[in-house]
Amino acid sequence: MKLTAFLSAATLVASASTAAHAGDSSDPIVIPIHNWSSQIVMSNVVGQIFEQMGNHVEYVTTDSQAVYESVRLGDVTLEMEVWEGAFGASYRAALEKGGLHDAGDHDAVTREDWWYPMWTKDACPGLPDWKALNDCAHLFATAETGDKGRYLDGPVDWLKHGKERVEALDMNFTVINAGSAAALWAEIGSAEADKRPVVVFNWTPNFAEAVWPGEFVDFPVWEEGCDKDPAVGPNPDALYDCGNPTSGYLKKAAWDGMRDKWPAAYCALTNISFTNPQIAEMAKMVDTDEMEPEEAAEEWLSANQAVVEPWITSCKG
Amino acid sequence: MTSVITEVPKAQGSAAPRATILRLMLGLALALTMAQLAGILPAWLHRLPQAVIPPTALFLDRVFDFVQNDLGLIYVTRFIAEGPLEFLLDTSANLLEGKRRWPNLGPIPWSATAGVAAVVGYALGGWRLAALGAGTCVWTALIGQWKMAMQTMSVLVVAAPLAFVVGLCLGIAAWKYRWFERVLKPFLSVLQTLPFFTYLLPAVIFFKVGPTAGAVATIIFAIPPMILMTTLGLKKVSHEVVEAGKMSGCTRWQMLRHVYIPAARTEILVGVNQVIMLCLAMVVLTAFIGMPGLGAKLLAMMGSFKLGRSFEIGVTIVLLAVTLDRMSKAWVVKQPQHFEKGTPWWVRHRIPLLGLAVFVGFVLLAQLFPILGSIGRKQHFSQGKEIDVVIKSFLALDGIRGVTEWLRWFLNVKVLIPFRNGMLAIPTPAFILMVVAFCYWLGGRRPAIFGAVFFSIVALSGWWDRSIITLYAVISAVALATLIGIPLGILAARSEIWSRRVLLACDTAQTFPSFIYLIPAIMLFGVNDVAVVFSVLIFATVPLTRYTVEGLRTVPPEMTEAAEMSGSTRRQKLLSVQLPLALPTMAVGFNQAIMFAFFMVIIAAFIGTQDLGQELQRTLAGTELGKNFVLGLNVSLMALTFDMAITAWAEGRKRALGLE
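Chain order of the listed sequences is A and B.
All residue numbers for the first sequence refer to this note's numbering, where the first residue is 1 and numbers rise by one.
All residue numbers for the second sequence refer to this note's numbering, where the first residue is 1 and numbers rise by one.
It is worth saying that the hints were derived from the structure and are not from the lab.
Every residue, glycine too, gets a C-beta built ideally from N, C-alpha and C.
Some clues are possibly wrong.
Heads up, simulated EDC-like pairs for lysine to aspartate or glutamate below, C-alpha to C-alpha not over 20 angstroms straight-line [claimed, not checked]:
hint : chain 1 : residue 1 : chain 2 : residue 2
1    : B       : LYS414    : A       : ASP194
2    : A       : LYS284    : B       : ASP388
3    : A       : LYS148    : B       : GLU386
4    : A       : LYS284    : B       : GLU386
5    : B       : LYS385    : A       : ASP147
6    : B       : LYS392    : A       : ASP194
7    : A       : LYS195    : B       : GLU405
These stretches of chain B come out as covered by chain A in the derived footprint (C-beta under 8 angstroms, 3 or more residues) [stated by the list, open to error]:
hint : region
8    : 298-304
9    : 526-539
10   : 595-608
Each pair of labels, with its calculated beta carbon distance range [unchecked claim]:
hint : chain 1 : residue 1 : chain 2 : residue 2 : range
11   : A       : ASN276    : B       : VAL183    : 35 to 45 angstroms
12   : A       : ASP237    : B       : ILE21     : 22 to 32 angstroms
13   : A       : SER302    : B       : LEU397    : 42 to 52 angstroms
14   : A       : HIS56     : B       : ILE80     : 17 to 27 angstroms
15   : B       : VAL390    : A       : MET118    : 44 to 54 angstroms
16   : A       : SER302    : B       : VAL390    : 27 to 37 angstroms
17   : A       : ASP260    : B       : VAL183    : 38 to 48 angstroms
18   : B       : ILE449    : A       : ARG259    : 36 to 46 angstroms
19   : A       : MET118    : B       : ALA38     : 44 to 54 angstroms
20   : B       : LEU353    : A       : ARG259    : 50 to 60 angstroms
Using the sequences and the hints given, assemble the complete structure.
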């Protein structure tokens, strides 16, 4: 394991590791790890890139919301996955207080919206249109929701505005908030057994796509200002009467001190950018192929040398 | 319960004014509620208007800001975290899991650790404990979790001894100086009931995210029982022993070192046992703030819906907990060994020598056979996917489905939702009156006054509705747990074997990481209150069953014999002799069930709730320390109200029954 890392390091950037970062501090770069696979593998990939450049790297497990405070304080050096939807609020709050900054976007775009697993479509063939979904609302009814359909939204702190949308579009649904991503998976997993129709909050890129094929519900297309100006969107009197943007950002964030302390690594960080298929592949290596994240990162790196090399070489001295 | 109350004369006060006061309070509460239901109650009597709620959170934020930056506390804590604490953690991490730090010796081969565990187990409790110790290590290694388990242990081997030392010192200080004890007591009570979310955030800010914050949060969580047990033990030291020490001319230090502490050994070691158990309980929760190892892996596994692997990690944690628990308990019972004068040193120290030999032997063997050093991914025996299939197909059985569907409908529609709406409909002052009346009825004047003060603070915090929803989940779960746990305990207490089996099941249920319950709970019942109550219920049943078994089995045999001689049936014996005598102990269990329920209901925020836990979970994101504390204190104050009332009752009963 160590050997392959070493070999790939040697082949990849034999020259880079000597010349590039005379200026980089020998203190470890601390990379946070959260509880979903793509982020863990991506962080390991980036960590191994930094190691190839001659830096020391350490990983620390943290909560994905609490991490921004740690980046701000410099306890953690960077964050690889800032999702516009899920973490935008925490990120912007930390940004305002100062201490961290935007280190560029990934090529990957994110989408977060109402989603259903494929078997739901058998029961409600008009999908993915949202009006068809609304006509099938009774299929999603449960004991607690009476004759209204039940939509399982993400945790409240993700601020998904499911309730507002149901009201704005006058839908026949009750919005229930799950407490965690794990709760969403458990709900889908339990529905899978008897192919019960469900509609839940979901996002892409995500491991769930590989486990349960499914589709997003097509809501009225997102228009700029849909969340601020009631006039925008089909309902002239309400906010949130559109679907979410289909291409939200996926950012990297860095501690302000990183630029000066590890200039070469910082330069590489700003260059690094992953695409949706790359992220999906990283997640798959762990979620479906049962690899450990470090091994997955090594394997990914050795298979994608051509992608990684320019990120590093352009940062040479 | 009523029949018992009639049998024993009241310990204090005459009954008449007490009943009048109770009737008055309940009558007033009822009148207020009726007025609310009739729609004639002014709004400000139903809920406190927003205007009168003091900005406690803002004020606390200022205080924290002042302490953190102006007083510079953060520099002190950061110095501790980045200096000595990090050094200790790095050293242990190097030895156990091979982190690249001084002294660069590790990782210790798993087989060597297993060997030492066996020797320690043998020394403390013979072959059975030796097998348990070695077996746990072998399981962990074979299942491919050795490195993670050692990452966890590398923090615990620092946190547990620190908690022990600090707890011991504070305990001694509390025993020595009465004023100190009086100051410390309320802090400890709050600390024991404060939801863990509340101190995760300060731990991150003051002690840096990572193992340091994990260690600090663990220490804070584990310390209260150590302090309490130390003080208790020292207070119980008998006069004869103290006199003997004084007569042999001990100095004050010698008195402490050679007289008091050895005499209080048992209690202190029980404290150690508690420290170890609480440290293990925090393994998963501290993963939110950087604790590496099993907990972090568990969260990652649950995030990608891998039930099998999560379950295996849970088993490892239980095995570690049971091993350490049994070993430390064996240490409590084991009396120090004394040797005759002139015994050669290698006989006196044969156990440490054996341990050393085994250790060195395995380290050397591991050089020859790498499999004894570490087990790679392709060599381990994890059955994650297979267990996944088993769990999922079990949960999908038609029988199970049918039952859970019905339960979900019945509990939700007929029980929980009406109960919750009922509780929310009660006006704030009426609710406080009811709580006070309950405390007064149960525990007398003192708990009633505290209850009034505590619940008024909750009302003034501005989170009344969420507090009531929290309380609703706790009451529902504890009520159900009582229905299940007490009969279970009564049945188990009939025979020695079943008692032991049920107590082992209790240990397992208690140390199995509560996070793992959440997923099956959701799969069975969906994201709703039934799943929340169900997951709290599992946790709350444990102490009820445990203390019922222990209460019944410690009924003095002369009492049961007397009952048998007077020809009572088994039923009569149980109802009129055993249960009344066990009731004070069972009350302790009931009290613990409530405390556990308050603990678990906050974790249930991960299922999806609308209570204080949800708000607390939300504060993890930001830096709202003030709000975080207000929410945490609400949970703590409600829990303490019940704690005081029940404890007062149990103590009164014990005195009345002459059990003390």
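Quick rundown of the hints versus the structure:
1. The hinted pair formed by LYS414 (chain B) and ASP194 (chain A) fails the criterion: a straight-line CA distance of about 25 angstroms is larger than 20 angstroms.
2. Of the pairs offered as hints, the one joining LYS284 (chain A) and ASP388 (chain B) holds, with about 17 angstroms between alpha carbons and a cut-off of 20 angstroms not exceeded.
3. Restraint check: the Cα-Cα separation between LYS148 (chain A) and GLU386 (chain B) comes to about 37 angstroms, which exceeds 20 angstroms; the hinted pair is violated.
4. With a C-alpha separation of about 19 angstroms, the suggested pairing of LYS284 (chain A) with GLU386 (chain B) holds against the 20 angstroms cut-off.
5. A C-alpha spacing of about 37 angstroms is found between LYS385 (chain B) and ASP147 (chain A), which places the hinted pair above 20 angstroms, so the restraint is violated.
6. Between LYS392 (chain B) and ASP194 (chain A), the direct Cα distance comes to roughly 11 angstroms. Compliance with the 20 angstroms bound is thereby established for this hinted pair.
7. Proposed proximity of LYS195 (chain A) and GLU405 (chain B) is supported: the alpha carbons are some 15 angstroms apart, at most 20 angstroms.
8. Chain A is given as covering the region 298-304 of chain B, and this holds because 5 residues of the stretch bring a CB closer than 8 angstroms to a CB of that chain, at least three being needed.
9. With a cut-off of 8 angstroms between beta carbons, the region 526-539 of chain B has 3 residues touching chain A; three or more are needed, and the interface restraint holds.
10. With 5 residues having a Cβ less than 8 angstroms from any Cβ of chain A, the region 595-608 of chain B passes the three-residue criterion, so the hint holds.
11. Restraint check, ASN276 (chain A) to VAL183 (chain B): a C-beta distance of roughly 58 angstroms breaks the suggested window 35 to 45 angstroms.
12. A hinted range of 22 to 32 angstroms is violated for the C-beta pair ASP237 (chain A) and ILE21 (chain B), which are about 55 angstroms apart.
13. Look at SER302 (chain A) against LEU397 (chain B): about 45 angstroms separates their beta carbons, and that is inside 42 to 52 angstroms.
14. As the Cβ distance of HIS56 (chain A) to ILE80 (chain B) is approximately 23 angstroms, the hint placing it in 17 to 27 angstroms holds.
15. Between VAL390 (chain B) and MET118 (chain A) the beta carbon distance is about 25 angstroms. The supplied range of 44 to 54 angstroms is therefore violated.
16. Distance hint check for SER302 (chain A) and VAL390 (chain B): the Cβ-Cβ separation is about 36 angstroms, which falls inside the suggested range of 27 to 37 angstroms.
17. At about 46 angstroms, the CB distance of ASP260 (chain A) to VAL183 (chain B) agrees with the hint of 38 to 48 angstroms.
18. The hint said 36 to 46 angstroms for the Cβ distance between ILE449 (chain B) and ARG259 (chain A), and at roughly 59 angstroms that hint is violated.
19. Checked against the hint of 44 to 54 angstroms, the pair MET118 (chain A) and ALA38 (chain B) passes, with Cβ atoms roughly 53 angstroms apart.
20. One distance hint, 50 to 60 angstroms for the beta-carbon pair LEU353 (chain B) and ARG259 (chain A), holds here, with the actual separation near 56 angstroms.
Consistency note: the structure conflicts with the earlier hints numbered 1, 3, 5, 11, 12, 15, 18.
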